[in-house]
Amino acid sequence: NAGVTQTPKFQVLKTGQSMTLQCAQDMNHEYMSWYRQDPGMGLRLIHYSVGAGITDQGEVPNGYNVSRSTTEDFPLRLLSAAPSQTSVYFCASSYSRIGAIGEAFFGQGTRLTVV
Amino acid sequence: GENVEQHPSTLSVQEGDSAVIKCTYSDSASNYFPWYKQELGKRPQLIIDIRSNVGEKKDQRIAVTLNKTAKHFSLHITETQPEDSAVYFCAASSATGNQFYFGTGTSLTVIP
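Sequence order for the protein chains is A and B.
Count along the first sequence from 1, then add 933; that gives the number in this note's numbering.
Count along the second sequence from 1, then add 687; that gives the number in this note's numbering.
Keep in mind that the hints are not guaranteed to be accurate.
Here are the simulated BS3-like cross-link-like pairs (lysine-lysine), alpha carbons at most 27 Å apart as the crow flies [said to hold, decoys possible]:
1) B:758 to B:745
2) B:758 to B:724
3) B:724 to A:942
4) B:729 to A:942
5) A:947 to B:729
6) B:755 to B:745
7) B:758 to B:744
8) B:729 to B:744
9) B:744 to B:755
Hint data in this document are derived by calculation from the structure and do not stem from the laboratory.
Produce the entire structure from the sequences given, and follow the hints as far as they go.
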């Protein structure tokens, strides 16, 4: 049982480049999300999804796109990378039902540097 | 939206002493409060959680208390050990259950 698999682990981009961070889970969780972690700021929600075909914005969505075509996969796209997007990115999935959510299982993280 | 504040940002304790980390939240409709431990370079992992219909929960050396009236919850670690050294995050779920709001983290150092 792999849990939440996130790739790549490290990435360096030039300003203006685009890329996709991959996230897959095998726990049949409906809820998936992307966070960025910056020093002293905790984990901030970028985008989330409550099921296939449904996505919504979190606290810091600008510059990022997501899609959810299957229950298992939730890729995060950086459209035109900026130095302000240098961060550690975590994907997470949870069991959820209306009005309640369970433990978030995190991927191993992607350390992204934009130069 | 929800606002979660966490204190202190850093905490050093002697091995064997207790450590307490406190969080406050703003949305009285929040109903789920997990605590995560993140070791250096690793992913956050759940260590304990509590729902709004419970006031206290214990798991061996770790306990969480929740005061719904005051909108604060706390993590208590007793008999601390060097392997407890890590960053700890509190979180609160949104009223719809669709989002977690995280505190800014507490870096705990247990001195042998």
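Right, here's what the structure says about each hint:
Distance check on the hinted pair: residue 758 of chain B and residue 745 of chain B sit about 19 Å apart at the alpha-carbon level, within 27 Å; holds. The straight-line distance between the Cα atoms of residue 758 of chain B and residue 724 of chain B is roughly 22 Å, inside the 27 Å bound, and the hint therefore holds. About 20 Å separates the Cα atoms of residue 724 of chain B and residue 942 of chain A, which keeps this hinted pair within 27 Å; it holds. With a C-alpha separation of about 11 Å, the suggested pairing of residue 729 of chain B with residue 942 of chain A holds against the 27 Å cut-off.
Using a Cα cut-off of 27 Å, the hinted pair residue 947 of chain A and residue 729 of chain B holds, with the two alpha carbons roughly 26 Å apart. A hinted pair counts as satisfied when its Cα atoms are at most 27 Å apart, and residue 755 of chain B with residue 745 of chain B qualifies at roughly 18 Å. A C-alpha spacing of about 16 Å is found between residue 758 of chain B and residue 744 of chain B, which places the hinted pair at or below 27 Å, so the restraint holds. Proximity of residue 729 of chain B to residue 744 of chain B is assessed by CA-CA distance (about 26 Å); at most 27 Å being required, the pair is judged to hold.
Using a Cα cut-off of 27 Å, the hinted pair residue 744 of chain B and residue 755 of chain B holds, with the two alpha carbons roughly 14 Å apart.
Violation of the numbered hints given earlier is absent; every hint is satisfied by the structure.
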